[in-house]
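Chains as they are written, first to last, in the working numbering: chain A, 1 to 117; chain B, 1001 to 1247; chain C, 2001 to 2138.
FYI, nobody ran anything at the bench for these hints, they're computed from the structure.
It is possible that part of the hints are untrue.
To be verified - Pair ranges (Cβ atoms, derived): (1) C:Ser2020 x B:Asp1044: 32 to 40 angstroms; (2) C:His2073 x A:His55: 28 to 36 angstroms; (3) C:Arg2018 x B:Ala1085: 52 to 60 angstroms.
Said to hold, decoys possible - Examples of chain C residues toward chain A, derived with CB under 7 angstroms: (4) Ser2058; (5) Arg2072; (6) Val2075; (7) Ile2116.
Here a beta-carbon is modelled for each residue, glycine too, at the ideal position from N, C-alpha and C.
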Amino acid sequence: MHKRSAEPLLWLLFSAGGVASAVFVPVLVLLFGLAFPLGWLSPPSYEHMYNLVHHPLTRLVLFGVSVVSLIHAAHRFRFTLYDGLQIKHLNELIGLLCYGGALVLSIWAGYLLWTIG
Amino acid sequence: MADKITMQVTRYRPEEESGATVQEYEVPCPKDWVVLDGLNYIKDRLDGSLSYRWSCRMGVCGSCGMTVNGEPKLTCETFLSEYGAGPVRVEPLRNFPVIRDLVVEIGDFMRKLVAVKPWIIRDQEKPLIEGEYLQTPDELEEYRQFSMCINCMLCYSACPIYGLEPAFIGPAAIALAQRYNLDSRDQGNDERLEALSVHDGIWGCTFVGECTAVCPKHVDPAGAIQRYKLTAALEELKSFVLPRKAR
Amino acid sequence: MSERHAYTDYHPRWLRSRPSTYWWLERRAYLSFITRELSSIFIAWFVVYLLLLVRAVSLGDSNYQAFLAWSRHPVVMTLNVVTAFFVLFHAVTWFNLAPKAMVVHLGHKRLPASLISAANYGAWVVTTAFVLWLLLGG
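Just chain A, with the same shape it has in the complex (with noise of 0.2 angstroms):
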């Protein structure tokens, strides 16, 4: 019988986060990390921004991007240390740490979209 390993489910959302991370961190980065810092735009209004973050759509897909994007950087940040530092025996360790820290962000995110207004 074939034994079931959480390797696939992993992987698939890993790759749903790479596609939603892909797709959406850019501009976002783009924005609220360089061009409003800078000054080169101005950045959106407290009204504007209030209006935006309060829909529930908004809210929705930031859940979704959120937490997917966090599990895409968990499981790759997995396999780099595990890899990259040759640490195959802490193997446990590392998997707890990673995915552990995805779903305790994943959860304040949830925390944060669902109490807001």
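Please arrange chains B and C on chain A, whose structure you already have, making use of the hints.
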């Protein structure tokens, strides 16, 4: 263009020494000579004790894979003239245990190859009287690229994951499994899934992509692996949601 | 499936070498690979940054302004410049490699890889335009 080139060849004689040494040889380098010609010259004229594998000398048998100036190459397809004035450093294929000089142990790959069942698997063999299996050109095209593998193992040498984790099943084994998975005559996808969808199977691959870069037959094992990851992941998801009996 | 290797005269000791800790520096392709993998840290950082922004907005105008001021802090700015590089590197490598996994057939013919890549880039452009419009338009 000098008419001689220096070849720095790794020697390892386990009955005499505990580690590898480098021996230099001056060999002629006519325009059309490949590294293998250089090695054959050394063995024939300079040092008969040099050990290495080769066979067809035309890039189809996969025997003569070695590390030339740090790159995994088929020595029968690598021209000495590529290296200008030289020197040309020839080492055994990396990531494999060395038995002697340039000869590496390939038993690990052989076992992994068998594990993926690289043959047509049928639930029911067609009786001879019904004639041959028919296949359209499009159906052939689906797996043709992966059938080009000559088992030279340059991909294993280039794969850092295989170097770090020898239990990893490796690029060629997965590409060959895909050659059969995608063959319209084959019905063995489920059987191969067991061997492949494990941590040291396809899930160990992090898509470095060097396997595809060094493949002399343009098999694109990295592509085969990524494609199979999607197939296997969806298959696993399906079997989780819909137990096997219901399908 | 291990073999017991008895080292006799006819089975001499094989030479095995372990990869160096700096294996990823040995080839340009390996370095490029590790860079791509390290982008994961910066993706995670920016998700946190975005959530901090959302939190600031939820707490009120003064918090939002404070966040914007903090985003101008030289350390944060430097971090975000580096993040921008890594995020772009991730996006480009992802879209270029995606066709390897996504093999799409239309009838019996396979869609060319360039088409799949183009579709991915297209989705990127459309989403970017949409987000720009959401944030800067209206």
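Okay, the hints, checked on the actual structure:
1. Range check, Ser2020 (chain C) to Asp1044 (chain B): about 36 angstroms between beta-carbon atoms, so the 32 to 40 angstroms window is met.
2. In this structure, His2073 (chain C) and His55 (chain A) meet the distance hint of 28 to 36 angstroms, their C-beta atoms being roughly 29 angstroms apart.
3. Roughly 33 angstroms separates the CB atoms of Arg2018 (chain C) and Ala1085 (chain B), a value that falls outside the hinted 52 to 60 angstroms.
4. The interface hint given for Ser2058 (chain C) holds, since its Cβ lies 5 angstroms from the closest Cβ of chain A, which is under the 7 angstroms cut-off.
5. The criterion of a C-beta within 7 angstroms of any C-beta in chain A is met by Arg2072 (chain C), whose closest approach is roughly 4 angstroms, and the hint holds.
6. For Val2075 (chain C), the interface hint is violated, the least distance from its beta-carbon to any beta-carbon of chain A being 12 angstroms, above 7 angstroms.
7. Taking 7 angstroms as the C-beta cut-off, the interface hint given for Ile2116 (chain C) is violated, the closest approach to chain A being about 12 angstroms.
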